[in-house]
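Got chain A; can you put chain B on it based on the hints?
2 protein chains.
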Amino acid sequence: MLDRCITDVSLSKAEYQRLVPELQARLFDLEQMLLEARIPTIFVFEGWAGTAKARTIATLTRRLDPRGFRVYPITPPRTYEQQYPWLYRFWLKIPSYGQMTFFDRSWYRELLAAYTTDGDQDRWRTRCEDAVVFERQLADDGAFILKFWLHITKKQQARRFKKLLSDPLQSWRVTDEDRWQHRHYKRVYRVVEEMLVRTDTAFAPWQIVPAADKYYARLYILQTIVGALESRLGITAIDRGASIDDSGEALRRYNLSIRIPVLGGATNTDTVRPSPSAEEAGHQLTTTPMSNGSVVVTVPVVSPTYAASPLQRVDLSLRLDDETYHRELKRLQAKLYLLGLQVYHQKRPVVIVFEGWDAAGKGGAIQRLTAELDPRAYIVHAIAAPTGDDKARHYLYRFWRRLPPRGQFAVFDRSWYGRVLVERVEGFARPEEWRRAYAEINQFERQLVDFGTIIAKFWLHISPEEQLRRFEQRQNVPYKAWKLTDEDWRNREKWPAYLAAVDEMLLRTSTPFAPWTIVEAEDKKFARIKVLRTAVDVLESELGVVKLE
Amino acid sequence: MLDRCITDVSLSKAEYQRLVPELQARLFDLEQMLLEARIPTIFVFEGWAGTAKARTIATLTRRLDPRGFRVYPITPPRTYEQQYPWLYRFWLKIPSYGQMTFFDRSWYRELLAAYTTDGDQDRWRTRCEDAVVFERQLADDGAFILKFWLHITKKQQARRFKKLLSDPLQSWRVTDEDRWQHRHYKRVYRVVEEMLVRTDTAFAPWQIVPAADKYYARLYILQTIVGALESRLGITAIDRGASIDDSGEALRRYNLSIRIPVLGGATNTDTVRPSPSAEEAGHQLTTTPMSNGSVVVTVPVVSPTYAASPLQRVDLSLRLDDETYHRELKRLQAKLYLLGLQVYHQKRPVVIVFEGWDAAGKGGAIQRLTAELDPRAYIVHAIAAPTGDDKARHYLYRFWRRLPPRGQFAVFDRSWYGRVLVERVEGFARPEEWRRAYAEINQFERQLVDFGTIIAKFWLHISPEEQLRRFEQRQNVPYKAWKLTDEDWRNREKWPAYLAAVDEMLLRTSTPFAPWTIVEAEDKKFARIKVLRTAVDVLESELGVVKLE
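Top to bottom, those sequences are chains A and B. Going by the UniProt record's numbering, the letters in the first sequence line up with residues 1 to 549, in that order. Going by the UniProt record's numbering, the letters in the second sequence line up with residues 1 to 549, in that order.
It is possible that part of the hints are untrue.
Since copy identity is lost for identical chains, a pair holds within one copy or between any two.
With a cut-off of at most 25 Å between alpha-carbon atoms, the simulated SDA-like pairs for lysine to any residue come out as follows [unchecked claim]:
| hint | residue 1 | residue 2 |
| --- | --- | --- |
| 1 | Lys93 | Lys391 |
| 2 | Lys93 | Arg401 |
| 3 | Lys494 | Arg319 |
| 4 | Lys347 | Arg401 |
| 5 | Lys13 | Leu316 |
No wet-lab data here; the hints were simulated from the structure.
Just chain A, with the same shape it has in the complex (with noise of 0.2 Å):
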């Protein structure tokens, strides 16, 4: 998951404190209603050492009703706390109904702790399933809960420790722990990876947060817990409406759209997203008829935040000249022909994920990589609305029935990523169900790893620009019209919904065991390059072969 993060966003002080004081007071309001709700709240702040998780905090509880929340700075655990099971002192601090509490560090630290110290597998995997188990029993009983992993990069934790330790009033704050956890980035990078994704549930989602610069840190984070609590007690775009007035004052107060996409659990689909356009309007109001006949007004608050999304980060300029597209295909292909006869002997199953925009190159894309392949060794299922029996059981049986079995290669031209896609965004799957999906596709594809599968997922991206020249080009060339279709239009219009889903489930379907690959397509050779080249990365190190250039 850390790695779909983009680091280097931020914000300016004047935008952040123009937005806050806002935010700050729709957070007081969902204080009072979650107590006459009697919603337990739990909000969890872990992340890199560095991250000013306390002050972080300090920004969403100073407007707050002190009577009404906790907070809860973790430490390691003391003797006194170290003659109960693990859990107890969490328990302890478990918040009463309608009370709010922030844990600064949590039962997160002492997994982690766990891990990098005892490094005691069987232990660890049991502290993940404890975690886990009270998490659910919590939100079964009620309880939201959301959880933060404030993350920087190694030399982002490197120029935050210098800072520090530069000012003799500071510098306190770096501890050997700190210190420790600098030194050994790599590897706790992992253990963190893994602890995420083990913990990630529709019912107590992590959220990551690009956390280098402090401003746009904060926030983010205000911004997604008040649009997850106005979603988790129903306040929808239209109850906020209702307070509207000339003044305002209470417009921004009450229509600022959450745009940031607010993850997991959290998404209020009532909440309108701005379209791209809206993008250079700057902060110019839009408003969009809703199907009630109301019409909500949308105030895009934060500029900068929007370019957290990694697919906007694409690199779409990138190009290959006929030469060195000629020569790496059939380099890349010849090798993908020994690697399949691997595939066989050594009896692992593999599966190639493509997903993309309409018209970004899919085909030819897996048309490249199977072109010189043993045609018995491959299937290429190509993955459209289920039908028959497909349509009458639950999503994931079209594809384990559609698995490899040993020894063979099944290409899916789209796949089971359908599910927090196009049934997303089209409502074809309720929001429960898209949200249970990623947890789903997880163990999913945790149990085809297990068994020894070979996964490879790739996203093929595109611009928006370049879709409607090839969806032109395709209307203007006969042979090619079959290929366009009404819904393939209808989708283009979608363009920011399927943003949205897609970076969510590129954010949270990256998994250690399955990561995604995303691809530059806006060039078709560039794409195709990239694609084999990556299949016989993954493939020669899974299969141990010894890399010959």
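Then chain B, alone, in the frame of chain A:
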């Protein structure tokens, strides 16, 4: 769970034949309704070899429309099935929406094989998780799942094999695998027990079926399935009452009450259970006024099934003479004192739970248990209705915070089991809440045991007659009168409902790591000595103390 199964119940063939056709007809009706409601159902049949699972399934399917169901006999995986992840072949067999599936053996066959043959603990644990994930994904998608374990003792299995082997037409039924299982009955038993606990969930509960008598087993299963499905479809006793006419036939068809407590996700709260006094009344009709003014007519259908309640089998005639009592009391208390020191030295926490009928003698037993312990070493928690902080949080909070530290005893006079006893019977917890609680409690106790906690749990059992005697005695003795409240009398009215709740509690929460001890408490002296002796045994075995008589 298996230790709570009464294995020597039986039903006459005549009774069986009288009752089955009506239940089969209801199941046929349900098949149509499930199809219409598009609810897929999965019935898993596992159990010891020689329990005639296939013929049991035949009883269920005989009158069904063959288009509506599938029966899957599960053998060890074939060569081609071994080319896929282990759950692949079961995913291929999931029912379509509205279809019924009957699995004659299932994924649990492979789970057991993974343990008993591989002995690979890690793989076994992963597969248990895989099975739970599989069932959870299907249940989340709307599937209805019930799992039956057909249980016989080793002796009963021997008799069964002998009978089959003596018949040349039947002897082929006893396979080498069956013989292996019989030889290793004890070892398999332990694995089954662990498997049942790990995979018993609110969304896919296990039902333990006494299977020595085929008529009893089949009727039990038929009743359980019909009752559970009617409950799932929201068919209450009242709905069925709508079809009552004077012919008596429809009356029997629609008003047979499910006398066997239907367990787990399956209990129909509208089903009226006959009171113990109805026991003697034989097949006489009983009428019960419902809160909404209508009357439910109940035909007690299966006389002997009630005997499957382990509580009904408790030998309440057990007595202890004064002399033995005083000698044993002294001896055991002296031992407990020494064991208490060991607990302190070995730094093990100890949790002792007392549950039982009102006036069963919990207080007296606790007093004898703690009398000679160092007063600093133990604390007794009397658990009544929650108040204050405890009332405003998850029900387990009040017990987490009362856990003993290392080296101390905590004795609970009533406990977290209130969730599945008084809260269930009095309606303080919703059905989904107390059904979920069995797994929550097992998870809780497993976490305690993982930490090193020693747990003993006692159910003090008396007859309703003895309770009445004690109530009256309390009423008449001035210094005891305070012990008797209106609530005690109210609870007494609900004896049958409590009986069902206690039976299910004992079944679902008697785990290998925290088993229940049922104490015959009709005679206080006998009860106290049994409690002390059990406590001594548990402590000696857990602390590794050499036993010196």
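For this session: Just pull the numbers of the violated hints for me, sorted ascending.
Result: 3 and 5
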